[in-house]
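Trainee: Assemble the dimeric complex from its two separately framed chains, guided by the hints.
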Amino acid sequence: MIDLHIPATQSSPEIHSEHAQGRLVLRGDSYPENSYELFNQVFEWIEGFLAGQPRRALNLELHLLYLNTSSIKAMMEIFDLLQAAHDRQHPISVSWFYDARNERVAELAEEFKEDCSFPFDILVMERSTP
Amino acid sequence: MLDLYAMREQFSQQQIMLCFNGPISRSLLEEIGNALRNYLAADHAHPSASMDVFAVYIEMTQNIRHYMTQRDWSEQDASATVVVSRDSDGRYVVSAGNLVELADGERLVSSIDALTGLDKSELKSLYKEQLRRPRGQASASGAGLGLIDIARKSSEPLQASLRPAEAGRAFFSLRAVI
Numbered sequence: 018m019i020d021l022h023i024p025a026t027q028s029s030p031e032i033h034s035e036h037a038q039g040r041l042v043l044r045g046d047s048y049p050e051n052s053y054e055l056f057n058q059v060f061e062w063i064e065g066f067l068a069g070q071p072r073r074a075l076n077l078e079l080h081l082l083y084l085n086t087s088s089i090k091a092m093m094e095i096f097d098l099l100q101a102a103h104d105r106q107h108p109i110s111v112s113w114f115y116d117a118r119n120e121r122v123a124e125l126a127e128e129f130k131e132d133c134s135f136p137f138d139i140l141v142m143e144r145s146t147p
Numbered sequence: 004m005l006d007l008y009a010m011r012e013q014f015s016q017q018q019i020m021l022c023f024n025g026p027i028s029r030s031l032l033e034e035i036g037n038a039l040r041n042y043l044a045a046d047h048a049h050p051s052a053s054m055d056v057f058a059v060y061i062e063m064t065q066n067i068r069h070y071m072t073q074r075d076w077s078e079q080d081a082s083a084t085v086v087v088s089r090d091s092d093g094r095y096v097v098s099a100g101n102l103v104e105l106a107d108g109e110r111l112v113s114s115i116d117a118l119t120g121l122d123k124s125e126l127k128s129l130y131k132e133q134l135r136r137p138r139g140q141a142s143a144s145g146a147g148l149g150l151i152d153i154a155r156k157s158s159e160p161l162q163a164s165l166r167p168a169e170a171g172r173a174f175f176s177l178r179a180v181i
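Chains as they are written, first to last, in the numbering used here: chain A, 18 to 147; chain B, 4 to 181.
So here's chain B without its partners, still in its complex pose (with noise of 0.2 angstroms):
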């Protein structure tokens, strides 16, 4: 039987606000964005932060929905994992997963990587010059608008990793605290 008192005490001891696992369809993820604007309102939340929070949110849930059209995956394939929590010092973390074909996996971790050295006016820099790269190109290069977006948004250097699944997939996951 599933234990929801253990389910409890470990999302009550990791701050989680909210979390989702499973498919996840654009109305859904709008849904979710919904509570999580009221979650935020209700926690105080400043209103930047919240705007921030929030962002990251829709760019990582967007990034993860624009892959698997991409890649035509089926509903269920279409699966994401999404946590809002806290840490021990306050901030808000974003975290999200989905599945991701073993090489797109690793081109995406190393872009990651190469953002994690930048400092925010380099980071803004590269934002200038992404956003005026034509359509079509830039999701070519690896380090889409949107991860640059929530590397600046973010107030420690971006954590991602990669777990190998079956069938030459691999679980990706990113981590920006805010």
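Chain A extracted, bound-state conformation (with noise of 0.2 angstroms):
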């Protein structure tokens, strides 16, 4: 299976996932115009990984910080999959870290993680990471 190595720009965020770590990181700020055709690559990914024989552990680490409303449609969408996925007993966490300053990122995370009932931690962090 590929994994994903997309750098970020100034309005889409850096993608990188770990297919044998069963890692998907997602960093920085997401606001293209045409959402769907990026976050498609993201989605395509993920089903791959659930698919996947034998069955693994998925860990989803975000970083994000502004999402458009498109892109906010198209996590809602990644977080159903990994619902659907979760109601099947596969193992499933996310893992959304926030800068301490700025709490719309924590109020944004909320919203997702009040549909989801797999795992889902909003850390704070002192510093953003580079």
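It should be emphasised that the hints constitute simulated quantities derived from the structure, not laboratory data. We treat Cβ as the ideally placed atom computed from N, Cα and C, and that holds for glycine. Errors might be hidden in some of the hints.
[To be verified] When the alpha-carbon atoms are kept at most 25 angstroms apart in a straight line, the in silico DSS-like pairs for lysine-lysine are as follows:
hint, chain 1, residue 1, chain 2, residue 2
1, A, Lys130, B, Lys123
2, A, Lys130, B, Lys127
3, B, Lys156, B, Lys127
4, A, Lys130, A, Lys90
5, A, Lys90, B, Lys127
6, B, Lys156, B, Lys131
7, A, Lys90, B, Lys123
[What the hints assert, rightly or not] Pulled a few chain A residues facing chain B out of the computed Cβ check, cut under 8 angstroms:
hint, residue
8, Ser28
9, Arg40
10, Tyr83
11, Met93
12, Asn119
Mentor: Written out as structure tokens, the structure is:
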């Protein structure tokens, strides 16, 4: 399975996957005009990972900052996919890191978390990682 | 001759931080957004307030660009007028306007008016409901996710207006106080 290594642009996040570790990382701002194109690759990677045998845990690590509404919609579809996997007993976890000075990010993460029943940690960082 | 001094006086008086008028490309939208972020940082805006202003700017301008694309308008017709300023209480105000077909403008104004009566928790339910609507169906309703998001980030009801223009079109303006 091919891993994703998509560098960040001004309006799109860095996307990085590690199939061997069951880890997917998204980092930065996301406000492309067409978020569907970008997030579709992420969606397909997750679907591929979840279909793999033997079944392995997946951790989504998020360092997302600002998301426009079309990115929010795309993220919701990703969380729905994870929720469906969790409902089939697939081990799923999400860790969303945010900067203590920007509570908007935590509020956004909280709204996603409301609709998910898998482990979903919203973690404050004293300093944002570079 | 253009009276720059009078313009400057008006900008100062209205506390205009940033304004733009003309055809808006995707890259220009991003560059202006970047400048806006820098201004807000220099203005010592709180990171949350700064993100709200930026978010409202992005939703308004991307809405305008999506509309132009849907309508298949030429680059010259794809113009937007965008102003970011402060009000007398020091709150940030984001305003954006563009030409629309009159009927589209009327639909838009009435869907915004429908949002103004809602409180924060009602806006949140509507937002979540809209988020769950399948793609394509979402834009047909007229009250897009972007507008609800703008309303949620505003500290006052949104103000929308429509001014008739030539050829069955109208100039639509939207003002959000953060």
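Trainee: Now tell me, hint by hint, if it's right for this structure.
Mentor: Cross-check of the supplied hints:
1. Between the alpha carbons of lysine 130/A and lysine 123/B the distance comes to roughly 19 angstroms, so the proposed pair stays at or under 25 angstroms and holds.
2. For the hint linking lysine 130/A to lysine 127/B, the alpha-carbon distance of about 14 angstroms falls within 25 angstroms, and the restraint holds.
3. About 11 angstroms separates the Cα atoms of lysine 156/B and lysine 127/B, which keeps this hinted pair within 25 angstroms; it holds.
4. At roughly 14 angstroms between alpha-carbon atoms, lysine 130/A and lysine 90/A fall within 25 angstroms of each other, so this suggested pair holds.
5. The straight-line distance between the Cα atoms of lysine 90/A and lysine 127/B is roughly 14 angstroms, inside the 25 angstroms bound, and the hint therefore holds.
6. Proposed proximity of lysine 156/B and lysine 131/B is supported: the alpha carbons are some 15 angstroms apart, at most 25 angstroms.
7. Under the criterion of a C-alpha separation no larger than 25 angstroms, the hint pairing lysine 90/A with lysine 123/B is consistent with the structure, at around 20 angstroms.
8. Given the 8 angstroms rule on beta carbons, the hint for serine 28/A holds: about 6 angstroms separates it from the nearest Cβ of chain B.
9. A least Cβ separation of about 27 angstroms between arginine 40/A and chain B goes past the 8 angstroms threshold, and the interface hint is therefore violated.
10. The beta carbon of tyrosine 83/A comes within 6 angstroms of a beta carbon in chain B, closer than 8 angstroms, and the hint placing it at the interface holds.
11. Because the beta carbon of methionine 93/A sits about 6 angstroms from the nearest beta carbon in chain B, less than 8 angstroms, this interface hint is met.
12. With its C-beta approaching chain B no nearer than about 4 angstroms, asparagine 119/A sits inside the 8 angstroms limit, and its interface hint holds.
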